[in-house]
Amino acid sequence: MSATSALRRVAPRLPWPIALALTMAALLLIAALAAPWIAPFDPDRTQLLRRLRPPAGFEGAHPAHWFGTDQLGRDLVSRALHGLRTSLGIALIGSVIGCLIGTGIGLLAGYLRGRVETALMVIVDAQIALPYLLLVLLGLAVFGTSTWVVIALVSLAGWENYARLARGQVLSLRERPFVEASLALGAGPGWVLRQHIMPHLAAPLVVQFTLGLPAVLLLESSLSFLGIGVQPPAATLGRMIGEGRHQMLTAPWVVVVPTLVILALTLCVQAIGDWLRDRADPRA
Amino acid sequence: MTPLLQAVGLTRRFGAGLLARRGGVTAVADVNLTLMEGEAVGIVGESGSGKSTLGRLLLGLIPPSAGEVRYRGRPLGAALAADRRGVRRALQIVQQDPTAALDPRWDVARLVREGLDIHGLGTPSERAARVAGLLADVGLDAGFAARRAHELSGGQKQRVAIARALALAPEFLFADEPVSALDVSVRAQVLGLLNRLRAARGIGLLMVSHDIAAVAACCERILVMQRGRIVEDAPRATLLRTPLHPHTRALLAAVPPPPVALLATG
Amino acid sequence: MTPPLLSVRGLGVTFATPFGPVRGLDGADFDVAPGEILALVGESGSGKSVASLAVMGVLGPGGDGARVQVEGSAIWDAKVDLLRAPHRPGLAMVFQEPMTALNPVLRIGRTIGEAVARHDGVRGEAVTARVTTLLAEMGLPDPARVARAYPHELSGGMRQRALIALAMACRPRLLIADEPTTALDSTVQARVLGLLAGLRRSHGLAMLLVTHDFGVVAQIADRVAVMYGGRVVETGPVAALLAHPAHPYTRALLAAVPRLDLARGEALPAEEMPGTPPDPRHPPPGCRFHPRCAVARPGLCDSGPPPAPQALGPGRAAACHLLAA
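Chains as they are written, first to last, in numbering that gives the first Met the number 0: chain A, 0 to 283; chain B, 0 to 265; chain C, 0 to 324.
Hints listed in this document are in silico derivations from the structure and should not be mistaken for laboratory results.
Fair warning: this is a prediction, and the values are worked out from it, not measured in the lab.
Ideal Cβ positions, reconstructed from N, Cα and C, are used throughout, including at glycine.
Hints should not be assumed to be uniformly reliable.
Distance windows between CB atoms, simulated [said to hold, decoys possible]: (1) A131(B) with F18(C): 27 to 35 Å; (2) F18(C) with V95(A): 36 to 44 Å; (3) A135(C) with A118(A): 51 to 59 Å; (4) F14(C) with A135(B): 33 to 41 Å; (5) A128(C) with A118(A): 53 to 61 Å; (6) R144(C) with G76(B): 54 to 62 Å; (7) A202(A) with T1(C): 52 to 60 Å; (8) P297(C) with G142(B): 17 to 25 Å.
If you want the ones that stay clear, here's a sample from chain B, every Cβ over 12 Å from chain C, calculated [what the hints assert, rightly or not]: (9) G76; (10) A145; (11) E231.
Footprint (simulated), chain B over chain C, 3 or more residues, beta carbon under 8 Å [claimed, not checked]: (12) 257–266; (13) 269–275.
Taking the hints into account, I'd like the entire structure generated from these sequences.
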């Protein structure tokens, strides 16, 4: 792939699987962003005469639908592109919110110590102890089902990891001699946090973010599959699988197409996350 | 000379909280001490004798469990509350391990400039000129400004740490084992540098070390600490010639004898 | 003269690093006679620790046509399988930091007992008895209690004694000790050095002592090999070398140590040696010491290969261009 070789020219020590994963992830991201413009059909447009057509190359395929159509005759290329856009968007926005909240709480807990820390960490532990599905059902019951509620619920699924990571980093960084020297120079807590602690946090947070993203993607898909995520007719990858599961035996492509997209996306992001972790911390 | 820093019944316990077994450790126990302006005082003692903790208490970097520190006659806590920036600028530290003491993400210029940045002193060009002057003062040429700590040797890192401490023109420097992490051939350089800078600027020095010879190279007055207490406090010549406390004698006895030829010629 | 117990010739070690190969040790020669204590003295990057690890075989075969022999037989060459033969016969090692060298979750007695069982091929009561004897030999009071303790329950000095007991469990003839007292307080250091000297007397144990501290050298060693920039620059008996150092580096290093004149109550002024130890990634050409040397002669010291050792008298040699000229 030419994009891969271009990447390898920029970073010659990039291992080729990582270069491939980065290229794939970039292509998927571009596809998600450009979905409304590159999708050949309206993803929600039903064509009853073209129901359950197989992908190109199989018997009975329709030349306009490369990946085939589902039980309502909707184009699977368009649905996959829009589904990717929605799923990835929810996962990314949810992860960013979770990361910001978690990191903020972790920074506060680690830097202020004392009762603030105890109280905040009790909340973190409570979040871990609480069955997540219960929380989701409660949230949906109270706030109804909208995309923003789903994003909020997705962000709730990961923030405690960021909180723990940030707190642990702060606890060890604040004991480092360069922080003591900074305090002796007259630095206040804001200076120490901004200049010394947060820059050191960036690398582990990025690693945690990429390692956590596949789980969040799968979580959104699971919620949609269960029918408690983003509501129909909007396409998400999980909803596509959920809707297609009744035709698994007769029309497997309806499930296979979104599954392959999820697989490719999570594999790429996971590989990038592992690679970043190894680079950030060679001991792990 | 007026008293710069005083310790009155200064005590510090560690780990006395709920989690500590056996009620914690008293690192500094009821220490009374007066340091004059511009005075060079050394503290020797073994690990765990409380010498580094005492220095950190005097700088207000950790709070005492009992007793108090006075800065120019005022309680340090009150002085910091009234003029935090002024007091902080006056009291500086040079730490033991220069590698850990320098933020690995920063270049030398930013490291040396940190105090100026914190206090917002001068314009950017004035700060850069000040950094260049400080680097020259500690014997590093201007080319070091753009380097990062991992590109420097141990002695060069410690010079950077000294330049950082001097950037705010302090009245008092607490040097915590400043040469024990350095190579033998470099220690004399750093001790000599501390001596010259102190003499030129009239800075008070408190140097803590387990090595009585290193302390004696810089300080006219030497304190001996054991288990959190000052067991002997005397001018250098008196302490070396007629040590009174058994622990002082034990420390002096453990100093290796100087090589024969160098005693004869030096 | 008795044949040496340990003979090292042309020992070189090259590390592969992200910056390219780095020559950590650049052809070192030294001998240790039976019952002799040889001190390898040097600063960081001098190659002294690398040399001791290479002798232990920890770093793998050094290649470079190096020869390391114990009692005349090569102890390693390119064919030795290091995984199956990690314990050199007659060699044992004591590390600088006993807290990391001892497994923190095992009781002292268990750690030493494993070494005893493996070396002596005994089990049960015999192991316990030998462990207690070893710990008692190290001057530890109540050895049975120490054997039941975990490493963190002991003081630094006691841990270092336990580590020496562990090394002695293999009944070595040569003990390699890498900065064995550097982490200890000076008063404890003197007692541990006393213990090592006692082991030499009672067991006829030879030692390769790695240190940066001439004080330690003066207290315990018979001979010294001064290392700089990956090479041995001067060797000789301790008293003669300390009294009349021949190599400019040895002279400058001795003069750079702060010393005390107790009778006059003065600190003797230390002479500052300029510069820093060479970066092994970019060693200077010619004599490795010439950039810091007060007497270096341009054109002679700063080009060509590093100088070869020159014999200066009984057991003494120094590698300096000026001595050869």
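Evaluation of the provided hints:
no., hint, in the structure
1, A131(B) with F18(C): 27 to 35 Å, "holds (29 Å)"
2, F18(C) with V95(A): 36 to 44 Å, "holds (38 Å)"
3, A135(C) with A118(A): 51 to 59 Å, "holds (54 Å)"
4, F14(C) with A135(B): 33 to 41 Å, "holds (36 Å)"
5, A128(C) with A118(A): 53 to 61 Å, "holds (56 Å)"
6, R144(C) with G76(B): 54 to 62 Å, "violated (46 Å)"
7, A202(A) with T1(C): 52 to 60 Å, "holds (58 Å)"
8, P297(C) with G142(B): 17 to 25 Å, "holds (23 Å)"
9, G76, "holds (33 Å)"
10, A145, "holds (18 Å)"
11, E231, "holds (14 Å)"
12, 257–266, "holds (count 10)"
13, 269–275, "holds (count 6)"
Hint compliance for this structure: hint 6 alone is broken.
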